[in-house]
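Trainee: Quick note on numbering: this note's numbering labels position 40 of the sequence shown as 40, and the sequence is numbered without any gaps.
Honestly, the hints are just simulated from the structure, not real lab data.
There is no bait here: all hints are sound.
Derived CB-CB ranges, DEER-like: (1) Glu-1 with Gly-61: 35 to 45 Å; (2) Lys-74 with Met-136: 16 to 26 Å; (3) Ser-26 with Ile-3: 33 to 43 Å; (4) Gln-5 with Gly-131: 50 to 60 Å; (5) Glu-1 with Asn-130: 53 to 63 Å; (6) Gly-131 with Glu-63: 24 to 34 Å; (7) Ala-10 with Asn-42: 26 to 36 Å.
The structure displayed is predicted, hence computed values, not measured ones.
We put the CB at the ideal spot given by N, CA and C, even for glycine.
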Amino acid sequence: EPIAQDDSLATYAPLIQNSDYQIDWSRSALEIHNQIRGFFPNCVTSFRGQSLKVMATVPVGAEYWSELPPELQKLEKVWSSESEASGTVGEVVKVIKGLGPVLQTGAGWLLLWQVQLSGKKAVSGWDFANGSRLAMGEIIGS
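Between the sequences and the hints, there should be enough to build the whole structure, so can you do that?
Mentor: In structure tokens, the structure reads:
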């Protein structure tokens with residue numbers, strides 16, 4: 001049975017601003033992941049002075065393993081066999097072969113699964129890491 005709503009309590013959502021697309025790496029991995037999913041394909045950060053559009057990510061950690069799609073099951077094996085990395089916010093703490101770079105966030109880690117550099121086509125995180133010769137310790141978003 002439908003429940004009547006009180007129209008006097010209704011509010012409007014704020015308009016989306018360009019600043020909503022900027023990734024703040026000091027937020028938690030899950031918050032950033034959800035921001036990227038919600039604003040697909042517009043979330044951006046900076047990389048070596050260029051704009052980097054982040055199109056798909058995967059939160060990394062034991063609490064997320066059960067939700068991984070089959071093509072990402074490798075992530076659990078590779079990550080759990082390593083000591084959990086740590087670094088400063090936005091730092092590449094690991095580059096996982098075949099998957100891509102894992103970045104430190106304000107709380108947890110985030111795998112960059114698909115990205116697009118300004119003026120280029122969208123590529124996998126692994127292709128991005130290889131093509132840009134991404135090094136561990138490099139900061140994305142500064």
